[in-house]
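Chemist: The chain contents come next:
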Amino acid sequence: MNPILKVERLSKHFLLHMRGVRVPSCDGVNLEVHSGRLTALTGPTGSGKSSVLKCIYRTYLPSAGQILFRNGNEDIVDMASASEHTVLELRRRDIAFVTQFLHCLPRKSALDVVAAPLYDQGVSQKRGRDCAAELLSRLSVPERLWDLPPATFSGGEKQRVNLARGLIARPRLLLLDEPTASLDPLTSERVVQLINHMKSEGMAMLAIFHHPELVAKLADNVIKLASPSDGNLAPEASL
Amino acid sequence: MKKILEIRGLSKVHGHKCPLCCDFTGPKHDTNICRHCNSIVAIHDISLDLYEGEILGIMGESGSGKSSIVKTIFFDEIPTDGDALFFDNNEQYSLFTINAARQRWLRNHRFGMVYQSPHLGLNFSISAGGNIAERLLMSDLFHYGDIRKRALELLSRTEVPSERMDQSPGKFSGGMQQRVQIAKALATRPPLLLLDEVTSGLDLSVQARILDLILEIQRDLGTAMIVVTHDLGVVRLLTGRTIVLKNGRIVEHGLTDQVLEDPQDAYTQQLVASAL
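Sequences listed follow chains A and B, in order.
Sequential numbering from 1 applies to the first sequence in my numbering.
Sequential numbering from 1 applies to the second sequence in my numbering.
Pulled out of the complex, with its shape left as it was, chain A reads as follows (with noise of 0.2 angstroms):
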């Protein structure tokens, strides 16, 4: 089967002008992403586990290499070199990413926070609204913080409105960098409940889990990142 996303000799270094340095992140990255099943990336603090999430999304400009993601019209997008408006389409249809850390408007509600991917596509307010409350119930999210701004949730909570945001669209590829880190085991469970439900619908994932048990319950296969002063990439190995 072809993979949803193909990353070739992906390399990110940053070139910082007020110091004149470079600083390496990662190197000769080569991994593929399938429908239906979660890639995790491993290594090290500092190996750039982020940073090559981060190229995919094009957050950051990669420095070398080709990042490719097939379309849901068959074509093959090259992350690394597409155009503004070509990414701003992928990731309004097709590529979500689920940080730690949660941006948003201060006074929107959490429902239309998660629901704000659907109101982009022209859901209406009352569906999006409908298929948040039912992803915050499914991740256990108390209903009474449903209709308060999120800035002001705790860091579980917080992580649990940006995963659903993540998911509600249900994108082709989704990008997850530890979105597990500030969760209690019970909680942890209903997030690897919902990620394998995703999962079996054919949602592709790559994600960086801070916990080695998760990657053993929810990976497909295992890329490994060593650390840039390591040299060259460790081999992939297949759980």
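If you are wondering where the hints come from, they were derived from the structure by calculation, not from laboratory data.
Source: prediction; values computed, not measured.
Possibly wrong hints are sitting among the right ones.
Claimed, not checked - Derived Cβ-Cβ restraints for the label pairs, each shown as a range:
1. SER83(A) <-> SER274(B): 48 to 56 angstroms
2. SER83(A) <-> ASP88(B): 47 to 55 angstroms
3. GLU261(B) <-> PRO44(A): 20 to 28 angstroms
4. PRO142(A) <-> LYS3(B): 44 to 52 angstroms
5. ASP147(A) <-> SER47(B): 27 to 35 angstroms
6. THR45(A) <-> ASP220(B): 51 to 59 angstroms
7. GLU91(B) <-> ARG127(A): 45 to 53 angstroms
8. SER200(A) <-> ASP76(B): 55 to 63 angstroms
9. ASP147(A) <-> SER139(B): 54 to 62 angstroms
10. ALA181(A) <-> PRO19(B): 21 to 29 angstroms
11. ILE78(B) <-> PRO44(A): 53 to 61 angstroms
12. GLU8(A) <-> SER47(B): 27 to 35 angstroms
Stated by the list, open to error - Once the Cα atoms are required to be at most 35 angstroms apart in a straight line, the calculated DSBU-like pairs of lysine-lysine come out as:
13. LYS2(B) <-> LYS108(A)
14. LYS224(A) <-> LYS6(A)
15. LYS217(A) <-> LYS6(A)
16. LYS2(B) <-> LYS171(B)
17. LYS3(B) <-> LYS126(A)
18. LYS224(A) <-> LYS199(A)
19. LYS28(B) <-> LYS17(B)
20. LYS108(A) <-> LYS149(B)
21. LYS2(B) <-> LYS126(A)
22. LYS3(B) <-> LYS171(B)
23. LYS28(B) <-> LYS6(A)
24. LYS199(A) <-> LYS6(A)
25. LYS171(B) <-> LYS108(A)
26. LYS6(A) <-> LYS171(B)
27. LYS28(B) <-> LYS3(B)
28. LYS126(A) <-> LYS28(B)
29. LYS3(B) <-> LYS108(A)
30. LYS199(A) <-> LYS126(A)
Note that the Cβ used here is the ideal one computed from N, Cα and C, for glycine as well.
Given chain A's structure and the hints, the job is docking chain B onto it.
Modeler: Using the frame of chain A, we list chain B on its own:
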């Protein structure tokens, strides 16, 4: 997605303009004043595209030429050079070559502008409702009752209490004055809205309300906007794409999160580093 605005090679020079103006100003020389003729090169060779329903950010420090771009688009200033095409339904307008009457028509019907200073956008000698009525009269509404009803709708959408409709905006708080300006700009349902530092100088809670309103307008009406600001937080919350200006030149452009998290140009790196 359809293109709504295409700007190519836009320049504005205040002063005599000598042949050396453009070569001896800009980021490389760290000035926009020509040392040969003392002309001020406000902007030089600006090209940008804007698509339907998108919000484009223009950021940079004071004097970098941000406002000059929107002012030339809104015909507040006459450019020295450059072309701008505005695509409206099936029509296409070359903004700087059409006659003054046509420019006025576009300004009154198809463009909206919200200035940093409410004094520029509002007439303080008439009521808030009157300010909106003034713009509505230029469109297709002539009946007093209809105009009043529509003005009320616009003010309520921008959260200005209806009982204050007949007061002068001079009596309003800064945040409310900005919301009246937005209501006025929206009166003719323009497909293009230009926002020049609309939240500068307002306190944070008031800022949040206005940013919220701007996003609602984009979502509900699909209005394309150019947002000029020096506030990176505003850029992050509102815009999908951003251009960075220094000394009247574009030094970087890209997706907003990329410009803020992985700036490529030395100046942008400095700007982002000093803000966070």
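Chemist: All the hints need checking, so say for each whether the structure fits it.
Modeler: Evaluated hints:
1. Taking 48 to 56 angstroms as the suggested C-beta distance range, the pair SER83(A) and SER274(B) does not conform, at roughly 30 angstroms.
2. A hinted range of 47 to 55 angstroms is violated for the C-beta pair SER83(A) and ASP88(B), which are about 23 angstroms apart.
3. The hinted range of 20 to 28 angstroms is satisfied by GLU261(B) and PRO44(A), whose Cβ atoms lie roughly 22 angstroms apart.
4. The given range of 44 to 52 angstroms is respected by PRO142(A) and LYS3(B), whose C-beta atoms sit roughly 46 angstroms from each other.
5. In this structure the supplied range 27 to 35 angstroms is violated for ASP147(A) paired with SER47(B), their Cβ-Cβ distance being about 45 angstroms.
6. Restraint check, THR45(A) to ASP220(B): a C-beta distance of roughly 44 angstroms breaks the suggested window 51 to 59 angstroms.
7. Range check, GLU91(B) to ARG127(A): about 35 angstroms between beta-carbon atoms, so the 45 to 53 angstroms window is missed.
8. Against the hinted window of 55 to 63 angstroms, the Cβ-Cβ separation of SER200(A) and ASP76(B) comes to about 57 angstroms, which satisfies the hint.
9. Taken as a hint, the range 54 to 62 angstroms is violated for the pair ASP147(A) and SER139(B), whose Cβ atoms sit roughly 38 angstroms apart.
10. In this structure, ALA181(A) and PRO19(B) break the distance hint of 21 to 29 angstroms, their C-beta atoms being roughly 60 angstroms apart.
11. Checked against the hint of 53 to 61 angstroms, the pair ILE78(B) and PRO44(A) passes, with Cβ atoms roughly 59 angstroms apart.
12. The hinted range of 27 to 35 angstroms is satisfied by GLU8(A) and SER47(B), whose Cβ atoms lie roughly 32 angstroms apart.
13. Restraint check for LYS2(B) and LYS108(A): the C-alpha separation of about 29 angstroms stays at or below 35 angstroms, so the hint holds.
14. In summary, the hint linking LYS224(A) to LYS6(A) is supported, as the alpha carbons are separated by about 16 angstroms, within the 35 angstroms threshold.
15. Between LYS217(A) and LYS6(A), the direct Cα distance comes to roughly 23 angstroms. Compliance with the 35 angstroms bound is thereby established for this hinted pair.
16. For the suggested pair LYS2(B) and LYS171(B), the alpha carbons sit about 41 angstroms apart, so the restraint of at most 35 angstroms is broken.
17. The suggested pairing of LYS3(B) with LYS126(A) holds, with an alpha-carbon distance near 30 angstroms, which does not exceed 35 angstroms.
18. For the suggested pair LYS224(A) and LYS199(A), the alpha carbons sit about 21 angstroms apart, so the restraint of at most 35 angstroms is met.
19. Note on LYS28(B) and LYS17(B): the hinted pairing holds, with a Cα-Cα distance of about 19 angstroms set against a maximum of 35 angstroms.
20. Proximity of LYS108(A) to LYS149(B) is assessed by CA-CA distance (about 28 angstroms); at most 35 angstroms being required, the pair is judged to hold.
21. For the suggested pair LYS2(B) and LYS126(A), the alpha carbons sit about 28 angstroms apart, so the restraint of at most 35 angstroms is met.
22. With a C-alpha separation of about 40 angstroms, the suggested pairing of LYS3(B) with LYS171(B) is violated against the 35 angstroms cut-off.
23. As the CA atoms of LYS28(B) and LYS6(A) are separated by approximately 40 angstroms, the hinted pair breaks the 35 angstroms bound.
24. A hinted pair counts as satisfied when its Cα atoms are at most 35 angstroms apart, and LYS199(A) with LYS6(A) qualifies at roughly 18 angstroms.
25. Of the supplied pair hints, the one linking LYS171(B) and LYS108(A) holds, its CA atoms being roughly 29 angstroms apart against a limit of 35 angstroms.
26. For the hint linking LYS6(A) to LYS171(B), the alpha-carbon distance of about 60 angstroms lies beyond 35 angstroms, and the restraint is violated.
27. Annotation: proposed proximity of LYS28(B) to LYS3(B) holds, straight-line Cα distance about 32 angstroms (limit 35 angstroms).
28. A threshold of 35 angstroms between alpha carbons decides the hint, and for LYS126(A) with LYS28(B) the separation of about 53 angstroms lies outside it, so the pair is violated.
29. Our distance criterion of 35 angstroms between C-alpha atoms is met by LYS3(B) and LYS108(A), whose separation comes to about 30 angstroms.
30. With a C-alpha separation of about 27 angstroms, the suggested pairing of LYS199(A) with LYS126(A) holds against the 35 angstroms cut-off.
Hints 1, 2, 5, 6, 7, 9, 10, 16, 22, 23, 26, 28 from the list above are not met by this structure, while the remaining hints are.
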